[in-house]
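Residue numbers (my numbering), protein chains in the order written: chain B, 1 to 350; chain V, 351 to 610; chain G, 611 to 888.
Be aware that a few hints might be false.
[As the list claims (entries may be wrong)] Far from chain V by the CB rule (all over 10 Å, computed), these chain B residues: (1) D60; (2) E75; (3) V81; (4) S93; (5) R114; (6) R115; (7) S135; (8) G139; (9) T152; (10) V200; (11) A221; (12) Y269; (13) D311; (14) P315.
[To be verified] Mimicking BS3-like on lysine-lysine, the simulated pairs with C-alpha atoms at most 27 Å apart in a straight line are: (15) K865(G) to K477(V); (16) K825(G) to K684(G); (17) K658(G) to K753(G); (18) K658(G) to K684(G); (19) K477(V) to K753(G); (20) K658(G) to K825(G).
Keep in mind the hints are simulated off the structure, nothing from the lab. Cβ atoms here follow ideal geometry from the backbone N, Cα and C, with glycine treated the same way.
So the chains spell out like this:
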Amino acid sequence: MTLDAAVQVQLGSLELDVHVRAADGETVAVLGPNGAGKSTFLRAVAGIVPLTGGRVAIDDVVVDEPDHDEYVVPERRSVGVVFQNYLLFPHLSVLENVAFGLRSRGVARSAARRRAQDWLEHVNLGEYGGVNPTSLSGGQQQRVALARALVTEPRLLLLDEPLAALDAGTRTDLRRVLRTELTRFGGARVLVTHDLLDAVALADRLVVLEHGRVAQEGSVADVVAQPRSRYVADLVGINWLRGVGRDHGVELETGATIVTAESVVGDVYVAIHPHSITLYLSDPMGSARNVWRGHVTGTDLLGDRVRIHVDGEVPVVAEVTASAVADLGLRDGVDVWASVKATDLEIYPV
Amino acid sequence: MPLVAVLLALVAIAFFVLPLVGLLLRAPWSEIWSDLNNPAARDAMRLSLECSLWSTALSIVFGVPLAYVLARARFPGRALVRALVVLPMVLPPVVGGIALLFAFQRNHGLVGGWLYDTFGLQFTFSKTGVILAETFVAMPFLVITVEAGLRSMDRRYEDAAASLGANRWTVFRRVTLPLIRPALFAGAALAWARALGEFGATITFAGNIQGRTQTIPLAVYNLLETDQGTAMALSLVLLTVSIIVLVLLRDHWFGGLRDS
Amino acid sequence: MWSWKFRDPSEMEQRVKRVFRWLLVAMVIAAIGLVGGTGVASAAKPTKVSGTITVSAAASLTGAFQKMGTDFQKRNPGTTVTFNFAGSSALVTQIQGGAPADVFASADGGNMQKLVTSGNVTTEPTVFASNVLTIVVKPGNPKNVKSLADLATLSVVSLCAPAVPCGNYANQVLAQAGVTIPPANITRGADVKTTLAAVATGDADAAIVYTTDAKAAGTTVTAVPIPAWQNAYAIYPIAPVASTTNAALANAWIKYTVSPAGQRTLQSFGFLPPPPTE
Chain B
1 MTLDAAVQVQ LGSLELDVHV RAADGETVAV LGPNGAGKST FLRAVAGIVP
51 LTGGRVAIDD VVVDEPDHDE YVVPERRSVG VVFQNYLLFP HLSVLENVAF
101 GLRSRGVARS AARRRAQDWL EHVNLGEYGG VNPTSLSGGQ QQRVALARAL
151 VTEPRLLLLD EPLAALDAGT RTDLRRVLRT ELTRFGGARV LVTHDLLDAV
201 ALADRLVVLE HGRVAQEGSV ADVVAQPRSR YVADLVGINW LRGVGRDHGV
251 ELETGATIVT AESVVGDVYV AIHPHSITLY LSDPMGSARN VWRGHVTGTD
301 LLGDRVRIHV DGEVPVVAEV TASAVADLGL RDGVDVWASV KATDLEIYPV
Chain V
351 MPLVAVLLAL VAIAFFVLPL VGLLLRAPWS EIWSDLNNPA ARDAMRLSLE
401 CSLWSTALSI VFGVPLAYVL ARARFPGRAL VRALVVLPMV LPPVVGGIAL
451 LFAFQRNHGL VGGWLYDTFG LQFTFSKTGV ILAETFVAMP FLVITVEAGL
501 RSMDRRYEDA AASLGANRWT VFRRVTLPLI RPALFAGAAL AWARALGEFG
551 ATITFAGNIQ GRTQTIPLAV YNLLETDQGT AMALSLVLLT VSIIVLVLLR
601 DHWFGGLRDS
Chain G
611 MWSWKFRDPS EMEQRVKRVF RWLLVAMVIA AIGLVGGTGV ASAAKPTKVS
661 GTITVSAAAS LTGAFQKMGT DFQKRNPGTT VTFNFAGSSA LVTQIQGGAP
711 ADVFASADGG NMQKLVTSGN VTTEPTVFAS NVLTIVVKPG NPKNVKSLAD
761 LATLSVVSLC APAVPCGNYA NQVLAQAGVT IPPANITRGA DVKTTLAAVA
811 TGDADAAIVY TTDAKAAGTT VTAVPIPAWQ NAYAIYPIAP VASTTNAALA
861 NAWIKYTVSP AGQRTLQSFG FLPPPPTE
């Protein structure tokens, strides 16, 4: 139940050229900003959008290859899809919704209903079989959608931003449900999302999509530790700089140099987590080799922590406690010195 | 509310209400049953019911696929086809009848002569002709209404159904049709009402034969000079049916006004 | 002579204004002339008729009356005769409903009687023409219709509605001849012209109309005559409508229909002269 999808789609102004592989029992998260082409990719794998080029194979069976005139319609692909807006049929009851896939494949009514009821109980919605889906909450509807997709025992499970339409609290609950079901599901799973938290919680591998192309892929841990695009860096929430390694320093485009612990050569990225940066109101004159002068250009409150935007020779975002902000009187325009230890830098080649 | 608007609106309301009130007041209520009980009236009512139902059925059988093609398929000349479908709605009915003659007359008709010589089929002066004429004017109403419904429905439901394993026919039957049920119902009601009221095309194409082509509107026209009582009674029958159709369609036409 | 070359725009403006002023004066004079003229004329010659009348006449009179209207208006300048042709029974309903008609010409006495009874006609009607029926079929008589009896074998026969004189006459003629055409094969026209059109341009196999209509239809139909002893004799009465506002002109028209000139025209269209009064 593997997926090998080399998807080339031309849809309006979007040019998609993505190659994603997912193995049995593996969850791949496709992450990207809006308009990157993630949903189109998913719909192409499901067969709802035909390819303009490339090849999609499920379990080594080609389901779409325009160059060889191969195309299998969606209803024959054995792919389960969970949609962002649930798409539960409003004119059918919850039970009939879940049984729909089975009935469409020719399963007898009573058998289909029985299996559907089993799945409903499995997702803790056993008593809701007879109600109209529109009367359920978002989280409940998505659970029904999940049951509906899984009851047909598909070979591949695709989830198109399954948590995007839910409020924060429900999202957390449903993420837990998904985690359980995804692990239990035998085949490959592809999850499309714009929320890094989903990827971290549910996925093994991460594919970052930008402007229709793969910008970065790897294990979730690797991608998060070493982002290769501004999008991922912003998503992870770290400082992300690029420069040229010169012995024990990295020269940035701005001309400033970051002192490194080891010798560095070649084009590199430098990632600095905001909490590694310390702010001083005057030149600290300490052991830290990296001290940059700048001024505060903005502050963001995140709970009891504050992110301070510092503009200067090396523009960074530092994370400090709210009490520190109060004590130091950190406001827009205040001159500060930012310092980070060379050992706290994550440096990796471009 | 500006006074001018209210005054003009009142005039408009009077314009619509007066003829109806006139009909209701002048109708011979006490003799309605006996008036409706004569052969001409009974024939007319039976014919009207039969032919209008047949033409509504034909409109559905052929109109829904047409609406589907117009709403979903992309082909050169689609705008032209849609214009052709709308044409009978704006064409004066008599002109529609004449157009049907040009196609189906036994003599000089485009296919009429061939149909008669090969199959012995004659549509002019026949009940089939009535059904044809009524379908010609009524089907566009159904096509337009259903097409609008198909366009406005969320097609992602069809994608979801396909992903669950439903083939195209199952998707159409179990997802598309139920989702456009209100539009389908409204389209059928409009087509039925239009078929019932059809006069110009019917009398031109199918003629005026009692028991065979003389539907209620034709009978009313015929009886106006000789038996006003029956003419008015039949008019009341049509008026009642029209009101029923309006009531059935109130959600479709006035549903939007009732929210909020 | 007019020249569009002006030295400056204001001069063109002046000239245009002057033209309009003269036009206005001319129109006023003409209007006065028109309004006053008729009055003046009628004051000078009391026997001359003028004004407008509407003649509601049976559909079978269409061709003849239209020609007679042109002639009458030529002979009587300053008059306008407008026509309203329909089945006689429809005209009766209209006049009883208050339609503005000055003269009524019917294709039978029955419809005239209705107006007499209802008081819409208060003077003695004059009979000015008569007519007989004929069968018409498709050119060349493809179904080989030779008599009234053959009509019963056809698939579609066109007759006037029973309330219309030609329909009434046709029913009489068929009943007299003992011929029953199955009602499912009879299409009824609202007037004789529509009835004939069903054969001339439509798919009806035969129709019973007046001989005058067959003549007017020319080569678009073939006439199959009905033997005189089986035929019906239609008489055409004409009378002024009581509510007329121009009795003088109405009566002048009626006089014209029985005048030698009018009779000549009627007969040229195939009408028979009115039955002798004595």
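Discussion item. So R115(B) supposedly isn't at the interface. Is its beta-carbon more than 10 Å from every beta-carbon in chain V?
Written reply: holds (13 Å)
Worksheet item: K658(G) and K825(G): Cα distance at most 27 Å?
Response: At roughly 35 Å apart (the allowed maximum being 27 Å), K825(G) and K658(G) break the hint.
Practice prompt. May I ask you to check that S135(B) keeps its beta-carbon over 10 Å from the closest beta-carbon of chain V?
Written response: With a cut-off of 10 Å, S135(B) remains clear of chain V, as the shortest Cβ separation is near 18 Å.
Worksheet item: Can we trust that T152(B) is non-interface, i.e. its beta-carbon lies farther than 10 Å from all of chain V?
Response: violated (6 Å)
Worksheet item: Between K825(G) and K684(G), is the straight-line Cα distance small enough, at 27 Å or below?
Response: Measuring from Cα to Cα gives roughly 26 Å; hence the hint holds.
Worksheet entry | chain V versus G139(B) - minimum CB to CB distance exceeding 10 Å, so not interface | holds (19 Å)
Worksheet item: Would V200(B) pass as off the interface with chain V, using Cβ distances and a cut of 10 Å?
Response: Holds, since 27 Å exceeds 10 Å.
Fill in: Status of D60(B), Cβ more than 10 Å from any chain V Cβ
holds (21 Å)
Discussion item. So E75(B) supposedly isn't at the interface. Is its beta-carbon more than 10 Å from every beta-carbon in chain V?
Written reply: Given that some Cβ of chain V is not farther than 10 Å from that of E75(B), nearest at about 5 Å, it is violated.
Worksheet item: Is the Cβ of D311(B) more than 10 Å away from each Cβ in chain V?
Response: holds (45 Å)
Discussion item. Given the hinted pair K477(V) and K753(G), is their Cα-Cα distance within 27 Å?
Written reply: holds (23 Å)
Item to complete: Could you check that no beta carbon of chain V comes within 10 Å of the beta carbon of A221(B)?
Response: holds (32 Å)
Going down the numbered hints, you'll see the structure goes against 2, 3, 9, 15, 17, 20, while the others check out.
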